[in-house]
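**Student:** Produce the entire structure from the sequences given, and follow the hints as far as they go.
If you want the building blocks of each chain, they are given just below.
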Amino acid sequence: MITTAKDIDRDLSLEADVCVVGSGAGGACIACELAEGGLSVVVLEEGGHFPTEHFNADTPRMIQTLYRDGGATVALGRANVAYVEGRCIGGSTTINGGMCWRTPPKILQRWAWEAGIQDLEPDRLRPFFEKVEERIHVAHQDPGTIGRDDELLVLGARRLGYKVMENRRNQFHCMGANNCAFGCPTGGKQSTLVSYIPRAERAGARVYANCRVERIVAQDRRVERLEGSVLESPSRRPLHKLSVRARRFVLACGAIQTPYLLLRSRVGNSSGQVGRNLMLHPNVKVMGVFPEDVKPWDGVHQAHQVHEFLDEGFDLAMGFVPPSILSLSSKHLGEGSLRVMEDLRHMVIGGVLVEDTSRGRVRALPFDIPLVTYNLNNEDARRAIRGTALLCQVFFAAGASRVVLPFVEPEELTSASEIRKLFECRLTAGDLELFTVHLMGTCRMGTDPRKSVVNSYGLSHDLRNLYVADASVFPTPIGVNPMETIMMLATRCAERILNGG
Amino acid sequence: MSSAPSAPSVPLPTANELPRVATRFMTPRESLIYAAVVDAVIPRTERLTVECVDRIVLLIDGFLEVFPWYLRTAFRLGLHLLEYLPLFSRHLGRMSRLSRTARTAFLESWLRSRWVQRREFVKGFIGISLMGFYTQPEVRLHIGFDHQPSFDRLRAARMKLLDHDRQGH
Ligand SMILES: Cc1cc2nc3c(=O)[nH]c(=O)nc-3n(C[C@H](O)[C@H](O)[C@H](O)COP(=O)(O)OP(=O)(O)OC[C@H]3O[C@@H](n4cnc5c(N)ncnc54)[C@H](O)[C@@H]3O)c2cc1C
Numbered sequence: 001m002i003t004t005a006k007d008i009d010r011d012l013s014l015e016a017d018v019c020v021v022g023s024g025a026g027g028a029c030i031a032c033e034l035a036e037g038g039l040s041v042v043v044l045e046e047g048g049h050f051p052t053e054h055f056n057a058d059t060p061r062m063i064q065t066l067y068r069d070g071g072a073t074v075a076l077g078r079a080n081v082a083y084v085e086g087r088c089i090g091g092s093t094t095i096n097g098g099m100c101w102r103t104p105p106k107i108l109q110r111w112a113w114e115a116g117i118q119d120l121e122p123d124r125l126r127p128f129f130e131k132v133e134e135r136i137h138v139a140h141q142d143p144g145t146i147g148r149d150d151e152l153l154v155l156g157a158r159r160l161g162y163k164v165m166e167n168r169r170n171q172f173h174c175m176g177a178n179n180c181a182f183g184c185p186t187g188g189k190q191s192t193l194v195s196y197i198p199r200a201e202r203a204g205a206r207v208y209a210n211c212r213v214e215r216i217v218a219q220d221r222r223v224e225r226l227e228g229s230v231l232e233s234p235s236r237r238p239l240h241k242l243s244v245r246a247r248r249f250v251l252a253c254g255a256i257q258t259p260y261l262l263l264r265s266r267v268g269n270s271s272g273q274v275g276r277n278l279m280l281h282p283n284v285k286v287m288g289v290f291p292e293d294v295k296p297w298d299g300v301h302q303a304h305q306v307h308e309f310l311d312e313g314f315d316l317a318m319g320f321v322p323p324s325i326l327s328l329s330s331k332h333l334g335e336g337s338l339r340v341m342e343d344l345r346h347m348v349i350g351g352v353l354v355e356d357t358s359r360g361r362v363r364a365l366p367f368d369i370p371l372v373t374y375n376l377n378n379e380d381a382r383r384a385i386r387g388t389a390l391l392c393q394v395f396f397a398a399g400a401s402r403v404v405l406p407f408v409e410p411e412e413l414t415s416a417s418e419i420r421k422l423f424e425c426r427l428t429a430g431d432l433e434l435f436t437v438h439l440m441g442t443c444r445m446g447t448d449p450r451k452s453v454v455n456s457y458g459l460s461h462d463l464r465n466l467y468v469a470d471a472s473v474f475p476t477p478i479g480v481n482p483m484e485t486i487m488m489l490a491t492r493c494a495e496r497i498l499n500g501g
Numbered sequence: 001m002s003s004a005p006s007a008p009s010v011p012l013p014t015a016n017e018l019p020r021v022a023t024r025f026m027t028p029r030e031s032l033i034y035a036a037v038v039d040a041v042i043p044r045t046e047r048l049t050v051e052c053v054d055r056i057v058l059l060i061d062g063f064l065e066v067f068p069w070y071l072r073t074a075f076r077l078g079l080h081l082l083e084y085l086p087l088f089s090r091h092l093g094r095m096s097r098l099s100r101t102a103r104t105a106f107l108e109s110w111l112r113s114r115w116v117q118r119r120e121f122v123k124g125f126i127g128i129s130l131m132g133f134y135t136q137p138e139v140r141l142h143i144g145f146d147h148q149p150s151f152d153r154l155r156a157a158r159m160k161l162l163d164h165d166r167q168g169h
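Chains as they are written, first to last, in my numbering: chain A, 1 to 501; chain B, 1 to 169.
Just so you know, the hints here were simulated from the structure itself, not pulled from any lab data.
Values in this document were obtained by computation on a predicted structure and should not be read as measured data.
Just so you know, even glycine gets a beta-carbon here, dropped at the ideal spot from N, CA and C.
Hints should not be assumed to be uniformly reliable.
[What the hints assert, rightly or not] Here are some chain B residues the structure puts well away from chain A; computed CB gaps all over 10 Å:
hint	residue
1	Ile-42
2	Arg-47
3	Asp-165
4	Arg-166
[Claimed, not checked] Covered stretches of chain B (in silico footprint by chain A; criterion: 3 or more residues with CB under 8 Å from a CB of chain A, positions within the stretch not fixed):
hint	region
5	58-68
6	84-98
7	112-123
8	148-160
[To be verified] Straight line, CA to CA, 25 Å or less: simulated SDA-like cross-link-like pairs of lysine to any residue:
hint	chain 1	residue 1	chain 2	residue 2
9	B	Lys-160	A	Gly-144
10	A	Lys-131	B	Asp-165
11	A	Lys-421	B	Pro-149
12	A	Lys-163	A	Lys-451
13	B	Lys-160	A	Asp-142
14	A	Lys-6	A	Ala-203
15	A	Lys-241	A	Thr-3
16	A	Lys-295	B	Asp-165
17	A	Lys-6	B	Glu-65
18	A	Lys-451	A	Phe-367
19	B	Lys-160	A	Phe-50
20	A	Lys-241	B	Asp-165
21	A	Lys-6	A	Arg-202
22	B	Lys-160	A	Gly-97
**Tutor:** Take a look at the structure:
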């Protein structure tokens, strides 16, 4: 049973073999593997515990309960990038789309060249991937659950001869409810909330929700204890103090919060790299409007991706967003916004995901303020614009009557022949409407302690009993959805710990 | 859902005439300024008019509860800034004292500005107001989007599949 703030009536002092901070992709996975390996494990999660029955179509309410800071998180820069992170049991896996991709071999090759990591070869990693895929039930989608919006994207791409890949997703009897980003209402998506966490508990792990770690106390190159607070929900007012002692500690707070915690605690940063090297797969949204009734909310969130341009550094896909969220980036007020929304049932909402070369940074300001900055460079802006043009082409090839663009000007196109306008009007990074859901790389792994924060098993170069097992260890962006890579690395890290490493 | 047109020929209300709601995280003054923004942002057409300014103000007030202190402060400071910015525009008045048409024109001009900072400043306020609007049941009905019934149906269907699995089929 998950312990929440309601069950705690005094200061909390815990002991375990391993303390894992965060219950998302990395945290839940490593906690489960370690508990099944016979260690006593405590999991601390800052967010609340919301089981499947809690999830419904009240999107703003879901955002308030499941997203960090009500989803109002932004990386500041030339073009601000809105980002979101989960803050609940299951972390971002509770609100993610469930697309599962193994790390592309060319990325592992790059990690070997750029970070000196020689032991991450596809053959050696296969058993870890297989284990993860079995645990979270990675499978192709039942064709009966695929929506018309996905079919149209595939149709357009195939007409143009582009390479289309079928997604595998962590799902078991996914019914295509298409509410992945606000909590799966049927329990079909196998987020860590319904997969790794229950499994970890069955193996004896103790899971605490509403428990925020605020400080790492270290001495003689070892972490001695973690300190934090038990938070009231939803006000987040501190109710009780929290202190945990363990032989080993694992940080899995995600690529913003892990470096933030290290920076606040002033530990583990002899390289000066903590918080640097933030990568975030910037995304632009493009909406194709079709004469037919598409009803984009019917059917699975995303069943295919266009991988034709992966080598150029971007991919194309679709994914429905409810009107309340779509309107957050509206370029119109009043009737203008209504006109767009009245077309919602005719829309395919597509996106371009850029494998970025730009880098950002997480800083810890006084008074508990994390500052996230990121400047999209011209190269990435160019790729986002080219990706937008290609997605427009796909939509027109599938029969779209118009396409709504992520720029102030031009705002929309009505035929494929107008696509060249995108290149004529000298768009810059500042003209792009950017968002992201993939944050990576702020405690990167590597062999050189001067240039990296952890080794390839996630072990800190500075602190002998501190591991990082989340998206922050990526040395480069991976160009595809990151969850499975995070889980694979966490599983590998667990094996190393269990073998006494 | 009523269908009153926006009727620009009749005098439009200023924010002082808008419904006042008991907010927990905005002061009465801030909620009045925010109501003026919401009132200027939400659609009112012959096809659809939903009087829901107060509901939206309350919804967004609820978001302030989950914001960290610095975002809550930024939001509230932003409201005060928004109140006075129109004084320096051709509208020459405070946001909450302008007519709805003038408020809409002011916000629209900032939203469409080529200057990123201007756009970004108003975009957040406009975005969350519209989010509140498109959450309203009447509005969802109008645009033909209602997810919840399908969730209930799909939940039951999945339970059936799981039962089926359990029986060894
Ligand atoms: C909307 C959305 C859609 C996505 N879609 C996909 C997809 O389809 N496929 C895919 O592969 N990836 C997807 N992703 C990305 C993927 O979910 C994340 O990359 C992944 O979950 C990150 O794992 P993590 O362990 O680094 O962090 P998270 O999963 O975010 O977990 C971190 C956890 O740590 C907790 N935490 C943070 N700080 C503290 C603290 N101080 N004390 C205690 N707890 C703390 C947080 O509350 C959170 O629960 C999506 C993400 C989002 C947000």
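**Student:** So which of those numbered hints doesn't the model satisfy?
**Tutor:** The structure breaks hints 1, 2, 3, 6, 11, 12, 16, 18 and 20; every other hint is satisfied.
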